[in-house]
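Student: Chain by chain, the residues:
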Amino acid sequence: MSLLSIEKLSLKIGNLSVLKDVDLSIAPGEVMGLVGESGSGKSMTALAIMQLTPTSARIKGRIAFNGIDILGATEQQMCALRGDDIGMVFQEPMTALNPVKTIGEQVAEGIRWHTRASRAEAEDRARKILDRVGLPDQKFPLTRYPHELSGGQRQRVAIAIACALKPKLLIADEPTTALDVVLQAQILDLLRELVAENRMSLLFISHDLAVVTEMADRITILRQGSVTETGETARTLSDANHPYTRQLALASMHVPARAAPHIDASGPDLLLDVANVTRDYPGRRKSLFSKPETVRAVDDVSLTMRPGASVALVGRSGCGKSTLARMILALDKPTSGTIKFRGLDITRATDDELRRPRRNMQVVFQDPYGSFDPRHTVERLIAEPLHLLDRKPDRKERRDMVVRALHEVGLNRSDLDKYPHEFSGGQRQRLSIARAIITRPKLVVADEPVSALDVSIRAQILDLFAALNHRLGIAYLFITHDLTVARAITDDVLVMHEGRIVERGKTTEVLANPSTKATQALVSAAPDLHRAIARKLQEQG
Amino acid sequence: MTAYLLKRLLIGAATLVVASVVVFLVLEVVPGDPARLMLGMNASDAQVELLREQMGLNQPLVWRYLDWARGLLQLDFGKSYTYSVPVADLIKERLVVSLPLAVIALALSTLIAIPVGLFAAARRGKASDTAAMAAAQIGVAMPNFWFALLLVYVFAVWLRLVPAGGFPGWSAGIWPALKALILPAVALALPQAAILSRVTRAALIEVLGEDYIRTARAKGMPMRAVLWRHALRNAMIPVLTIMGLQFAFLLAGTIIIENVFYLPGLGRLVFQAITQRDLIVVESVVMLLVAIVVLVNLVVDLSYALVDPRLRTRQ
Amino acid sequence: MSDAAQHKPETLNDVVWRALANRSFVIGLLITLAVAAMALVSFFWTPFDVTRLVVADRMQPPSSTHWFGTDHFGRDVLSMIMLGSRNSIAVALVAVGIGMGIGVPLGCWAAARGGWIDEALMRLNDLVFAFPALLSAVMITAVFGPGAINAIIAIGIFNIPVFARVARAGALAIWPREYILAARAAGKGPARITVEHILPNIANLLLVQGTIQFALGILAEAGLSYVGLGAQPPMPSWGRMLFDAQTVMVVAPWLALFPGCAILLTVLGLNLLGDGISDIFDPRARRRP
Chain A
1 MSLLSIEKLS LKIGNLSVLK DVDLSIAPGE VMGLVGESGS GKSMTALAIM
51 QLTPTSARIK GRIAFNGIDI LGATEQQMCA LRGDDIGMVF QEPMTALNPV
101 KTIGEQVAEG IRWHTRASRA EAEDRARKIL DRVGLPDQKF PLTRYPHELS
151 GGQRQRVAIA IACALKPKLL IADEPTTALD VVLQAQILDL LRELVAENRM
201 SLLFISHDLA VVTEMADRIT ILRQGSVTET GETARTLSDA NHPYTRQLAL
251 ASMHVPARAA PHIDASGPDL LLDVANVTRD YPGRRKSLFS KPETVRAVDD
301 VSLTMRPGAS VALVGRSGCG KSTLARMILA LDKPTSGTIK FRGLDITRAT
351 DDELRRPRRN MQVVFQDPYG SFDPRHTVER LIAEPLHLLD RKPDRKERRD
401 MVVRALHEVG LNRSDLDKYP HEFSGGQRQR LSIARAIITR PKLVVADEPV
451 SALDVSIRAQ ILDLFAALNH RLGIAYLFIT HDLTVARAIT DDVLVMHEGR
501 IVERGKTTEV LANPSTKATQ ALVSAAPDLH RAIARKLQEQ G
Chain B
1001 MTAYLLKRLL IGAATLVVAS VVVFLVLEVV PGDPARLMLG MNASDAQVEL
1051 LREQMGLNQP LVWRYLDWAR GLLQLDFGKS YTYSVPVADL IKERLVVSLP
1101 LAVIALALST LIAIPVGLFA AARRGKASDT AAMAAAQIGV AMPNFWFALL
1151 LVYVFAVWLR LVPAGGFPGW SAGIWPALKA LILPAVALAL PQAAILSRVT
1201 RAALIEVLGE DYIRTARAKG MPMRAVLWRH ALRNAMIPVL TIMGLQFAFL
1251 LAGTIIIENV FYLPGLGRLV FQAITQRDLI VVESVVMLLV AIVVLVNLVV
1301 DLSYALVDPR LRTRQ
Chain C
2001 MSDAAQHKPE TLNDVVWRAL ANRSFVIGLL ITLAVAAMAL VSFFWTPFDV
2051 TRLVVADRMQ PPSSTHWFGT DHFGRDVLSM IMLGSRNSIA VALVAVGIGM
2101 GIGVPLGCWA AARGGWIDEA LMRLNDLVFA FPALLSAVMI TAVFGPGAIN
2151 AIIAIGIFNI PVFARVARAG ALAIWPREYI LAARAAGKGP ARITVEHILP
2201 NIANLLLVQG TIQFALGILA EAGLSYVGLG AQPPMPSWGR MLFDAQTVMV
2251 VAPWLALFPG CAILLTVLGL NLLGDGISDI FDPRARRRP
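Read top to bottom, the protein sequences are chains A, B and C.
So in my numbering the end of the first sequence lands on 541, straight run, no missing numbers.
So in my numbering the end of the second sequence lands on 1315, straight run, no missing numbers.
So in my numbering the end of the third sequence lands on 2289, straight run, no missing numbers.
Some hints could be false.
Listed next, the in silico EDC-like pairs over lysine to aspartate or glutamate satisfying Cα-Cα at most 20 Å (straight line) [stated by the list, open to error]:
1. B/Lys1007 x C/Glu2119
2. A/Lys101 x B/Glu1053
3. A/Lys392 x C/Glu2196
4. A/Lys418 x A/Asp400
5. A/Lys418 x C/Asp2014
Here are some, though not all, of the chain B residues that point toward chain A, as calculated from beta-carbon distances under 7 Å [stated by the list, open to error]:
6. Gln1137
7. Trp1158
8. Arg1217
9. Ala1218
10. Lys1219
11. Met1221
12. Pro1222
13. Asn1234
14. Asp1308
15. Pro1309
16. Arg1310
It should be emphasised that the hints constitute simulated quantities derived from the structure, not laboratory data.
Built from N, CA and C at the ideal position, the CB exists for glycine as well.
Please construct the entire structure, taking both the sequences and the accompanying hints into account.
Tutor: The following block contains the structure:
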């Protein structure tokens, strides 16, 4: 008999059909993976189980949990279930905890509410569960506030809240998406252990096929609100009978076909030469009169790039890779060291002298929503770097240049007068690339350019990057924490850890045989679909 | 925490110093010789000159400022030009009317606004919320002195429940004195309560959309408990900010309201001083109110730190 | 769900439609337009000539000839309210203009430069905030003499820090966005970025604050002229009318009722308009399905 069974669940918000006849069941002690691209209705399914959907949502169908009809339950009955029999962990650890209450209060609160335990008893239990999730009382007393913890630690608190009363079902909605790969691996391990210890069922929701494969006994694949396939994890993915499952699996493992750029890179000239660059930031003041201690974001980094090269800069979040990128783009000045771009030291150049290097290096950002001014048309947005040309093009020339850039990224003339919100995430990333290449730069710095995209779109954008490298001879510096991306599209890799470059070399070699601890941690933590499927199949014999 | 407080204190002190310079200079440019004003038009030039010397008016500007500022620190504001009594005494006499009035008004406003804001936020979108917020909209738009006139007309002229104006003094007993302050306090408080209730409601609704509210609900707590235990404290910061601003506004607002009710408070004192060009009184009252505002802001900053643990460790 | 592909294209038509569906906006706009129309009409026509004092008609209650009655000089109250609206609107509008004209550039500058300039400007702001606005307006008009011009300046000065704060807060929220970084990578300087990207994106915030300050300006002007520091007779003003009404309120309550209602309605209209605008442009309201 299953613990949770969902039958023909449909959910509408206004005229928008979010879920259509979703069926899903979880047996006691089972881990069910719910996979789908953004907007497929994964989160809404989870909220429906908790009866925490927005008030405007209209729900049909049946959800039975442990014999209780959830959709027919009163709010009072649901309150008794939530946090006691069903626990939930959300995606964003930075905002999931109340900033004005201590972690002790927040963990003990649910315990007291459901068990009517005394304050001391509840705090005692809170201390135990926090210790279990890796926050021992000696280092993390109950009186800590959320802002005194890191993102990974906060997610542990959120897990402690959800698991405090050993629920029968734990729902984890993208619990590691906001964390870097190393933290992700730690949190996944913790979840696995807790599930096994307490014989909980787990509904694990993620967009990342590799992560779900590592976690789940069975998976359900959701697409545009409907279940396309459901079944035992390894079998479903290795057989890939359903075309959408196959498409997802292929896109997750996609490696673009790459050809060498049409450019002679054998000469002695370096495109980029970063020498002994250090960047300090003023840190927190200990008191009003003492000097603030400095935080060293980038520490004595040197690197070089040849024309047409494709280099990955990988590292955990906060390792200083984005700060380094900003200095290379002359958006920030190093505390010491020099950065030469095509022979010119850009750290000492005036704004006027920077015009030429700026024209030759452009940037693509991670967030396809935040990287465009919502009030400008596509033509104006893409033409922005033309500001750097010595001779201002007239209206017609400008339009022609924008159209050419749009063609190069697979968009067309009819998009000129649209606004950014009229495009999907993938199309926006194409716009972002069009803007970066309009001045025919020699270097494009791409800061996590595909990590906000769904897998199928990510594959297309990687292809586009590869094609432009080949066709236009643009060199890339890819900043990423995702080793799949680094493997797919770069020749050389630099591994950054705590502000320093700790390892460098050919991408394939370094990632196959990492020699430093930092790189090893990254490589072993990185989810990999191939490996995950192989391991699952092996476990099952 | 101490660094945060120390910084706030220093900023407050600096504000006071700069404010005193500004006030001093503004009144310095006013035409008219206070000595001649005090002695009347018939005084001889020699007499005026003698008084100028006595009052220190012939000293250089900086010297006079320092002298005045030193007096302020010792609560010695100098002597009124027209009444020839220490300004401090005049102010003390009037402050016992204005300060209670402002405090009562603030208390009234808070006591009305926070429950209304909570009620409206909890019932967001329902008819009772719409009605409460429509009433608040009207309250915000109401000029308080006009509201005061209406109150006088209804409660004093028509129903004869309270006096229409004047102040019997605290020596006449607490009750008669309070009775004279009820209408002015209500007139001051209601428009402020309207603003505060809107702020409270908006802050609560903002907070109710946060992720941690969902976390709390996922723990199994009913909406009402979530509102009290999680939302209210987080919504306090904007509410406290507005309350701080309102205290300043209420103190200044008494200037006009006192005119409606013929109350012998600071406002009336300022107006009399202005018409009689008794600038030292004007100067002193302005400085006093600025000091109170700075003090209130300091208290508000302190209470932020009490409400929000993040401020205790940052900066 | 980071990439919800349900962003529908939004045309100008949609914005207009959303505006017309917003109750606050429509009511606020109607009231504001009515008051503005009243002020405009008063330039050409009022029901009666208020410069002529008709003693025989003094203190008439509202009637079909004098809709809002007459005052102690026999002047038609409706005509005076129409003329008074000119004064109120002019004072508040210019004061908002002063506040925006100085405050917004200062706020944008502080946000763009950061560091000690930002700190200094904000401390200066705090300084102005430390002066209770009304009290200082009283001080200024007292020192420089009562009158509409000084009232405008006094109210205007206290609008500067308000707009500086709103502009700075809005600009600070925009500066870290990636499209600003992209513009910097395209070699654009702070001034150009402020004009091209920051200002258009904080315009709605400023518009909302503008309506609020406009409403507060009308209240402040009424307060000042009530205590005799605003527009001077014979120029009619709403606050002055209330002051004159106070002494005769027992026998002629309509004299106090109508000017007060005029202030209330005008301020209410502006506040509703501001609420409406902020609802219409609130991106969160739009994102919600």
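Student: All hints are to be evaluated individually against the structure, with a verdict given for each.
Tutor: Results of checking the hints against the structure:
no., hint, result
1, B/Lys1007 x C/Glu2119, "holds, 13 Å"
2, A/Lys101 x B/Glu1053, "violated, 63 Å"
3, A/Lys392 x C/Glu2196, "holds, 17 Å"
4, A/Lys418 x A/Asp400, "holds, 16 Å"
5, A/Lys418 x C/Asp2014, "holds, 15 Å"
6, Gln1137, "violated, 25 Å"
7, Trp1158, "violated, 46 Å"
8, Arg1217, "holds, 6 Å"
9, Ala1218, "holds, 4 Å"
10, Lys1219, "holds, 4 Å"
11, Met1221, "holds, 6 Å"
12, Pro1222, "holds, 5 Å"
13, Asn1234, "holds, 6 Å"
14, Asp1308, "holds, 6 Å"
15, Pro1309, "holds, 4 Å"
16, Arg1310, "holds, 5 Å"
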